[in-house]
Amino acid sequence: MSSIPIEHGLVLSAILFAIGLIGVLTRRNIVFVLMSLEIMLNASGLAFIVAASRWGHAEGQVMFLMILTLAAAEVAVGLGLIIQMFRQFKTIDINVLSEMKG
Amino acid sequence: MILVYLISILFVGGLVAWLSERVDPNYPRIVALATVLIDLVVMISLLGVDPSSGGWVASVNADWIPRFGISFYFAADGLSLLLILLTGFLGVIAVGSAWDDIHEKTGFFYFNLLWTLAGVIGVFTALDLFLFFFFWEVMLIPMYFIIAIWGHENKNYAAMKFFIFTQVTGMLMLVSIIMLGYLHFLQMGMFSFNYHDLMKVEASGTIEYLMMLGFFVAFTTKLPSVPFHSWLPDAHSQAPTAGSVILAGILLKTGAYGLIRFAVPLFPESSLDFSPIAMGLAAFSILYCAKVAFAQTDIKRLIAYTSVSHMGFVTLGVYAWNELALQGAVMTMLAHGLSAAALFMLAGGLQHRIHTRNMQHMGGFWGKVPKMAVVAIFFSVAALGMPGLGNFIGEFLALLGAFQSNILFTVIAAFGLILASVYSLWVIQQVFQGEYKADKFEDSHLLDLNRREMIYFGAMMIGLIWMGMYPQSFLNLSEPVLIELLNNTQAVTAAVVRN
Amino acid sequence: MQEFIWLLPSFPLAGFLILVLTSGTLSRITVAVIGAGSIGLSFLVASIIAVQFLGSGDDYYIKEVWAWMSVGGFSPGFSFYLDGLSLVMMLIITGVGFLIHLYATGYMADDPSYSRFFSYMNLFIAAMLMLVLGDNLVLLYLGWEGVGLCSYLLIGFWYTKPENGYAARKAFVVTRVGDTSMAIGLFLLFAQLGTLNIQDMLHVAEVEWNIGSGLAIATTMLLLGGAVGKSAQLPLQTWLPDAMAGPTPISALIHAATMVTAGVYLIARTHVLFQLAPSVQLLVAWIGLITLLMAGFTALTQSDIKRILAFSTVSQIGYMFLGLGVGAWSAAIFHLMTHAFFKALLFLASGTVILSMHHEQSIFKMGGLRKALPVSFASFLIGSLALTAFPYTSGYFSKDEILLAALELDGPGIFLWAGGVLGAFFTGIYTFRLFFVVFFGETSGHPPEKEVGGWHMNGPLIVLMVLSIFGGFISIPVDAVFGHGESHEEHHVSALVHGFMVAVPLLGILVSYLCFHKKVFSIEKLMSYSISRRLHKFWHSGWGMDWLYDRVFVFPFLWLSRINHADLVDRFYGLIVEVSKSANKMVVKSQTGYLRWYAFIMALGLVALLLLGIIL
Amino acid sequence: MTITLADLVPLMPLLITTLTVVIAMIAVGVKRHYASVAGITIIGLLFAAISSLLLMPAANYQVTPLLIIDEYTLFFTIITCCSAVSIAILSYQYLSDLDDYKEEYFLLLGLATIGAIIMVSSNHYVSAILGIETLSMSLYGMVAYPSHSDKSRRWSLEAAVKYLVLSAAASGFMLFGIALIYAQTGSLSFSSVLDNGGTLGLGEDFSATALTLLFIGAAFKLSLAPFHMWTPDVYEGSPLPATTYLATIGKVAMFVVLLRLIESTNALAFQSVFIMIYFIAVLSILLGNLLALLQSNLKRILAYSSISHMGYLLIALLAGFETSGLISIEAITFYLVAYMIMSIGAFGVASIVSSSSNEFDSVDDYTGLFWRNPILAAIFTGMLLSLAGIPLTVGFIGKFYIFFAGVESELWVLLVALIIGSGIGLYYYLRVVYRMVLPQEQKNSFEFSIEKNYSSSAILLLLFALLIILGVYPTPLVSVIERVSSYIL
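Just so you know, the sequences run in chain order A, B, C and D.
Residue 85 in this note's numbering sits at position 83 of the first sequence; the count goes up by one each step and never skips.
Residue 179 in this note's numbering sits at position 171 of the second sequence; the count goes up by one each step and never skips.
Residue 1335 in this note's numbering sits at position 276 of the third sequence; the count goes up by one each step and never skips.
Residue 750 in this note's numbering sits at position 440 of the fourth sequence; the count goes up by one each step and never skips.
Be a bit skeptical, because a hint or two may be false.
[Said to hold, decoys possible] Subject to a maximum C-alpha distance of 27 Å in a straight line, what follows is the list of computed DSS-like cross-link-like pairs (lysine-lysine):
1. C/1578 <-> C/1596
2. C/1648 <-> A/103
3. B/445 <-> C/1220
4. C/1644 <-> A/103
5. A/103 <-> C/1578
6. C/1220 <-> B/299
7. B/379 <-> C/1220
Please keep in mind that the hints were generated in silico from the structure rather than gathered at the bench.
Kindly generate the complete structure, drawing on both the sequences and the hints.
Below, the structure is given as C-alpha cells:
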C-alpha cells in the first residue's frame, strides 16, 4: 500500500494550525476563540500522528491522546471563565476585557 | 586586621547610631562622633606600623569567592594611608558640620554618613579588584540616601543623577575588571582579581586600550572631569552640607586614587598612548569649569564647578606620570579635600543662616560676620593657589611635573591659575564685599561663626598651612609608593618611547 | 647676628597673627604699637645685620631655616639669601616701611577697622621680605604672590564701595596674568636647568646656554612677563592707577616704594639670564622707555592728586627698566631706592593734604595751600625737586646714571637716551603742575583750617625729606652682585651733554611755572581745539589701554559665561533622558490591553522569526 | 520500560508533593479548615524539599525516559518547594479574610508545584509538556482565584482569560514545534540529535523552524519580547500570591527546561536560532526596562522588569554556547536563585500589606513607608536594589555572573544592552525607593504591624537575610551551584 508522503501530512497540519491561529486573531466571540485554540492544538496533534506513522512509533499516538486531554482541560477551565465573564459583563465579546493597559 | 577593624568599626557604629535614635534623637551624633574619632585614632596608630615587604602595612588576605579567585584582600601603603587619614579627618569635620544642621531622622543620617566613610576606606584599601568594585558601589547607596532624604529643593533629580552616572560608568569598569580576570585565567590558568596578579596580565593593544578606557571613564566620572562632570553641580547644590563635605572632600578623591593605583599601572602602554588626550581633557576641564563656575549665581554650584576645575590638575598630574607630577596630584587631592570641604561648609553655613544660595542676594556680609569673612578669604585664597598653602604645593608640583611631559597642555592648564583668581575673588566680592542688601532676605539668623565652627575651620586651616609650609611630612608617606609604581611601569613606558 | 635673618619676616608675621587672632578687640594704641613696632624691630635687626654683613666683607650669606620640600630632585629650601642687592631691598622695605607704618598710625586714626589695616600691612612686609630674601625662585614666588594678595586686600580695604572691590580685583587679576607667565618661566627653568635655586641656576645657565640661545630668550621673556605685571609696565600697567582706591599709606608703601619695584628686583636678581638674551634685555629698555613716556603724557592730563603720582610712579619705574635694559643694573637699583624715598614722601604728603581737605583729591578743588599746610608744602617741594632730578637731589644722581648708561650703549642707545631726557622734561612739567596748582594760585573752595599731623605723621615726612635730598650720596653695595658685565668707570661725556641733561628738567619746571602759575599760556585756550581735547581725552584714559583690554578680554569672557551659564555639556545628558522618556511613552502605547492585539503581536513575532530562520 | 520499585526512590519529592495535594484534597472534603489545609500543603512541600535534599548526594538517575533526577534537578526541586512554601505562607495571610472556598487555593498551589517539579526534572518532550501544562492549568485557577473587591474580581477574570488564551496558543506553538522535531528525528527525548535529516531529507531549515516554534512557546512562558505583552496585565490582574508564583516558580522552572533543552540538543548550532535568541535578548532587555520607566503600578513595574531579567539570563544562555565551560550554566543557575529570592521578596512586601479584599500595588501607597515601618521599607529597598544589581545584595553577584559569562564569550553587543538596560532600570527602582524615603503623608494607605502576621514577616526577614548573606558571602551557594551545574553538561 502506498503511504502518503509525510510532507503532505505536515503541510495539512500546518494549514490547520494557521487556520486556528487566524481564528484566534479574528474572532471576538470568546467561545470561537476557544474553538480556534482547539483547532491549533489538534493541528499539532495531527502532526504527531503523521510523524508517528512515519516512524511507526506509538509515542506519537500517545502524544496525541495527551494533547486531547490537555485541550479538554483547557476548554474546561476556559468555559468556566466564560461563565464567570458572562456573569460579570453580561457579554462574551472578548474586547471588554481591556481594562488593564499601559 | 586593623584595616578590617577600621571598616567594621564604622559599619557597626552606623548601626548603633541608627538604633540609638530610638532612645534619644541627640544620641546618634554623639555615637557618630565617637565612632569617627575612634577610627581616626586607629588610623593614626597605623602610621606607627612599619611596612612589610613592598611597603604594605596591615595587609589582610582571605579567600572570598574562590570560584573566581576573588579574595578578601586589604592592604594599605603610604598613599592609602594619606587618603584614609584624610577620610577620618573629614569624617570628623562632616559629623561636626551636621551637628546642628540635621534635625530630623538623625539616626539614619549618621548611619549613612558612617557607611559612606566605611565604603570609602574600603575603596582606598582594597587590593582585590572585585573587592574594590564592591566598595566602589557600596559607598554610593548611603550617599544616595543622604542626598535624597536630607537634600534641598531638587534632591530627587540630583540623587538620581549622581547614582546613575556613577553606576553606569561603574559597570564599564566592571567589564574591564572581568576582562582582566578572564585574561589572567587564559594566561595563568586560574582566575584571580588580585591586584598584583593582574599587573602581570599581558593584553594586546586594542583590548588593553579598551579596558583602560573602562577604568578611565569610571574614574573620571567620579573625579570628575569634563565631559562626565555634570552630575557634580547638582549633587553638591542639593546635598546637605555634611554630604557635600564627604562628596567633595573624599568621594571625588576615590576617582583620583583609582587613576593612580589602577588605571595607569594596570595599563601602562595604553595609558601612555592615551596621556595626551587625558591631559588635554584635564586642561580643557580646568579652563571650562573655571569659566562655568564664574557664571554661576548659586554659590554651591559655583564651588562645585571649581572643584571640577581643580581636580583637572590631578588628572594632568597623573597622566604626566613622573614623580613630581604624581606628588603634585596627591598633594592636590589632600589640599583640595580640605579647602573644598571648608568652602562647602561655609556655603552651607550661609544657607543655614539666610536660607538662600543665591549670591545675588548676598553682599557686604563682612561687616556682619567678620570671622566668617576671614575664613572665607583664607580658603578661597587657598583655592586659587596661594603659595604657603597646600593647594599651591599640589598644583605647582603637578604643573612642574606635567611641563616635562607635555608643554602645551601644561601651559594651557596654567591659565587656570588666572581664572581661579577671577572666580574666587568674585565670590568674595559678591558675598562679603559691596553694600549690604538686607532687603533680599531676613537676616535675623545671620550670626558669625560659633566656637564649634571655628574649631573645625581652624583645624582645616592648620592642615592647609602645614601642607603648604612643610609638605615633606606628607610627601614622605607617598614617595615610596609612587616610586614603586613608576618603576613598575618604567620598563614598559621606556620600551614604548623607544619605538 | 646674621643667622637671625629669619627674624626679619617673623616680626611682621607675628604682628599679623596677633592682630588677626585678636580680631579688633585690642585698643588702638596697642594695635599701633604692635603694627608699627613689629616693623621697627625688623628694621633694627635689618640694620644690625647690614652693618655686620658689610663689615664681614663676604659677598653673600645663606641661611637655610628648613627644607621646604624635596621631590624628585626638586628641593627648594626655606632659606634666605643675603647679598648687596637683597640687603638694599630689605633696608628699603623695613626702613621706609616703618616710616609709613608710623605715618599710618596717625592717618588711619579714626578708621573703624584699624587693626585689620595693620594686620594686612604687617603681612605685606613679611611677604615682601620673603620676596627679596628668598634664595630660590619658589620662595620668591611665595613672597611675590603674598604681596599681590596684600595689595588686593588693601586696595579693597574700604570694601563697601564696589568700585574699590573692582580696582582690587583688577589689580590682582592683571598681576596674576604676569605671575602665571612667570610661573611657566619657572617650569621651563626647572625643566632645563634642574634647579630653581637662583645662584645655582644662574651658574648652570652661564655654563650651558650660549648668548642669545632660544631657551634664554624664552625664559627671560616669561620672567619679564612677571616683572611687567608687578611693576605696572607695558602692557600690564593698567591696574596701578586704579589701585589708588586704597588708603594713601598703602599707595605709598605698596604702590610706590616697594611692591611695584619687585619686577625691577626680579630682573636685577636674574640679570645673568638677561645678559644671555641681549635681545630681551633691549626689549626691557624699550618697554621702560615707552612706558615712561606714555605715563608721563597721561600724568599731564590727570586731575586726581593720587592718580598723578601713580602715573609718575609708572613712569619712574619705566626709568628703572630703562636702566636695567641698558645694563646699568646698579643705577636701576639706585633709582629704585631714591624713588622709594621721594615717592613715599610725595604720597604721604598728599595723604596729609587729602586728609586736611577732608578726602578731597581733585587738585583743581585745591589751591593756595602753601600757607595752610606748611609741612606738606615743604615735603612736596622737596619731593618734586627730587622727582624731577633737580641737581644734587637724590633723584638727580640715579636718573643721571641711567641716562648716561643709555647714552653709552651703542646702537639704539642714543634714542633711548633722547626718550629718557624727553621723559625727564615731561616729569618736570607734570610734577610742578601738581605743585603749583595745589599750593599756589588763589585759594579755591574752603581752605582747611589746620593741617592734620602730629609727630607720628610729620616725623616720617621729615625723615623722608632728608633722605630725598641726601639719599643720592648713599652708595649701595651691589658691585659684588653685578660685578661682572657692568661698565662702572666714570661716564666721560662732554659737559655739553651733561648740562643739557640738567637743563631739560628745569626747562620743564619753567614751562609748568609759566602755564600753571603765571598762566602765561592759557590751558583753556589750548583745550578749545578739538584735536587737543581729543588728545587730552585719549591720554587721560591712559592711552585707551583699559578700553582695549575690556574689548579684547573682559567682554568676550563675560559673554562666554553668559551664554554658557547652564553648562552645555549637561544638555547632552538631558537629551538622553528626554529620548528615553519619549521612547517609554511610545512603547507603552503598545500595551493596549486588547487580547487580540497581543495575540496578533505574537503571531507577528512568529512570522518574523520564521522568516528570519528562512533568510539565514 | 517498566517502573521498578527502585525507580520510585528518586521520585520521592514528586510523590510526596502529589500525596500532599491528595491529602489536602481529602482534608477539604472531610472538613473545610483553612489553617489545616494550608498547614498540610506547607508541611508536605517542606518534606518534599527535605527528601530531595537527602537524595541529593551524587544523585543521577534516569527514571524512565521521561524524567532525569540528578543533583541539578534536585537542587531546583528544593528551590521550587521552598519558594512554594514561602508563597504559600504569604498567601495564607493574604487570603485569610476571604470567607468562602479559600482552601482550594492550596490545592492549586500544590498542583502547580507538581508541574514545576516535573518540569525541572524533565529531559523529554512529553514530560516537559506534561509539567508545563500542569503548571499552567493550576495557574489559570490561581490567577482567576475569586477575591472580594469588585475591581480586583473583574481584573483577575480578565487576567485569567488573557493568560489562558495566549498561553494555550503558546502551547500550541510548542506542541507543533515538537511534532516537527519528532517528525525529523523520530524521538521525543531532548538528547535526540536534530540535524540528522533522518532518511527523509527534511533539511536544516526544517529543524530550525521546529526549534523556532518550540522556542517561541518557551519565550511566551518566560515573557520574552515580543511575546511579553500578556505579562503586565496578568501580573496586575491576578491576586498577589498568584502573581508571585507566576513570576518566580513559573519562570524559573520554564528556564530550567529551556536550559536542558538547549544544552542537550545542540540547538544554538543553528545560526538562525542563535541569532533569533540574540535578537530576543537585546529586545527584551531594552523593551522591558523602557516599558517600566515611568510606570506607577508596582506589579506592572515588576512585570516589565522581569521581562528584562529574563533577557539578562539569555545572555548567559548564549554564552554557554560560545564557550564551553561551566561559568555560563552556573551564571544562569545562580541568577535564577537570586531572581527567586528577590522577586518573592519584592512581591512578598506588597502582599504582606495587601489582602484579597484590598491590594496596595501602586507606588504611591508606599510613600513614606521608611518612616512608618523602617524594617519593611528596608527589606523592600534591599529587594529593589538587588533587582537593580547593587552590591551587598545577591542580585549583584548574579549580575557579576552574567557579566562574566558575557565577557568570557565576548558578547559585546549584549553587554552594552545589559549596561544600558541596567542604567534605565536604576531609574525606576530608585524611584520606588525614593517614594519610600519621602516625608510621610497620611493618605489612604495601609496599616501594617508585624504582630498581625508573624509567619509572613518571618519569611520576608528570612529572604532578606538570604539576600544580604548571599550578597556578601556567596561562596557556599557558589560551590553548591558549581557542583550541580556539572550535571547539565
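Evaluation of the provided hints:
1. C/1578 <-> C/1596: Between residue 1578 of chain C and residue 1596 of chain C the Cα gap is close to 22 Å, so the pair holds against 27 Å.
2. C/1648 <-> A/103: OK: residue 1648 of chain C and residue 103 of chain A at ~9 Å, within 27 Å.
3. B/445 <-> C/1220: 13 Å, holds
4. C/1644 <-> A/103: OK: residue 1644 of chain C and residue 103 of chain A at ~13 Å, within 27 Å.
5. A/103 <-> C/1578: 98 Å, violated
6. C/1220 <-> B/299: Given that 27 Å is the threshold and the Cα spacing comes to 26 Å, the pair holds.
7. B/379 <-> C/1220: 20 Å, holds
When held up to the earlier numbered hints, the structure conflicts with hint 5 and nothing else.
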